[in-house]
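All the letters of the sequence shown, read from the start, carry residue numbers 1 to 403 under full-length UniProt numbering.
Each hint can be trusted.
Below, in silico cross-link-like pairs of lysine-lysine (DSS-like), each with a Cα-Cα straight-line distance of 25 Å or less:
#, residue 1, residue 2
1, Lys-271, Lys-257
2, Lys-221, Lys-260
3, Lys-277, Lys-192
4, Lys-271, Lys-26
Here are the computed distance ranges between Cβ atoms for each label pair:
#, residue 1, residue 2, range
5, Asn-34, Ala-174, 56 to 64 Å
6, Arg-239, Asp-85, 54 to 62 Å
7, Gly-25, Lys-75, 19 to 27 Å
Please keep in mind that the hints were generated in silico from the structure rather than gathered at the bench. Ideal Cβ positions, reconstructed from N, Cα and C, are used throughout, including at glycine.
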Amino acid sequence: MVARINTVRSIAKPLAYNEEKVAQGKAECIHTGNFLQSKERLTYDDKLRRFQRLNELNGRSQVKMFHATLNFSPKETLFNKELADIADRYMQGLKMENQPYLVYRHHDANHPHIHIVSSLIRPDGSRVNTHRMGVDLSKPTCKAIEAEFSLIPSRRRQNTNAPIPESTQRLDPASSEPVSEAVNRVVATVMKHYHFTDLAEYNAILRGYNVTAETGGPGSKTRRYNGLYYVALDDHGNRFSPPIMASQLPCRPTQSKLDKKYAESWSQREKHCVTIKSRLDWTLDQEHPSLPSLVSRLQRDGIEIVRPPTNGRNPHDQIFIDHQTRTAVTGIHLGQQYTTAAFNAAIASRQRPAKQKRQQEKLHQDTGFSANVPQVLSAVLHTQPAVPDQFGQDQHLGHRHKH
1 MVARINTVRS IAKPLAYNEE KVAQGKAECI HTGNFLQSKE RLTYDDKLRR
51 FQRLNELNGR SQVKMFHATL NFSPKETLFN KELADIADRY MQGLKMENQP
101 YLVYRHHDAN HPHIHIVSSL IRPDGSRVNT HRMGVDLSKP TCKAIEAEFS
151 LIPSRRRQNT NAPIPESTQR LDPASSEPVS EAVNRVVATV MKHYHFTDLA
201 EYNAILRGYN VTAETGGPGS KTRRYNGLYY VALDDHGNRF SPPIMASQLP
251 CRPTQSKLDK KYAESWSQRE KHCVTIKSRL DWTLDQEHPS LPSLVSRLQR
301 DGIEIVRPPT NGRNPHDQIF IDHQTRTAVT GIHLGQQYTT AAFNAAIASR
351 QRPAKQKRQQ EKLHQDTGFS ANVPQVLSAV LHTQPAVPDQ FGQDQHLGHR
401 HKH
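Construct the entire structure; sequences and hints are all you get.
Listed below in structure tokens is the structure:
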């Protein structure tokens, strides 16, 4: 079980988001807490007024609404009554059991999950303390619920002897590890654990580890014979070793092997696309998402945005890497609203230019990377048309791999 908590200013935003899903047949309200009427008799206005009356008791707080999701393993079979009981137990663990709350079950992903909407303002006008709520209250409550309801533990806490992407380090020119061994380690991990359907998606993942796969230039011998080679990069995207042919690596990640991987990944990826879209929609639907908050929220949710160089691929076809389902997918494959242009427009429509500039500068300052590293954050999620990357490097948003 994995919980995600968001606190928002608007009363209508989280309520409208869930009610719209209900109207579309993609969700249902399965439970209410501390409402006088039953869930069947409650109208949208009833729900809205209940939260409004509480929120009006506190004129100081700006952020008054609570919106959380509880996510369960796809292997779980959970009935609405169980989910309602879990929601009650979760709110008790957060010390919010006396607050009015609504529980929605969503059916737009390949795993069971519920949304909980509540007010952070108590009947006496005080505000629920959300500082460190995730660490101090939510995390131990999730662990307790897993035990009490015999749920499958979160994959994040499961032990495994298999190599996983989270433990795989990026290539470092200063490392004593032989380059060929380091490249093989990264490539073998990505080939085993991730789903991708073309070279651009494959490279979007690899470049997060400072590796790239290339087929050679037009007319080259490598291109003519359907060959493939790998190159080690430093953090600036510069090559620091000669190319290594795929056939020379122990895991033999050749073009023919990649073609099979592409075909196998299609069916697996399609199962995850619904989940990815749902998580992207929820993040974008939050109150006035700014550049830093969008990056932060997506990164916390395990999603990285990569924009290939504009001189090599459609600049509107950004790539999402979901490190939870270990899936890479182009924005256009998810839908027109997930392209670079659509994301730029969504951000621009909600921000004043001066505010956006300040937030973008803060985003650069808050990352652990130099502002001079173009492949990491420069020109990412601008509201202006994308500027071609002179270095021909991918632009990664929210880098997550360690040295």
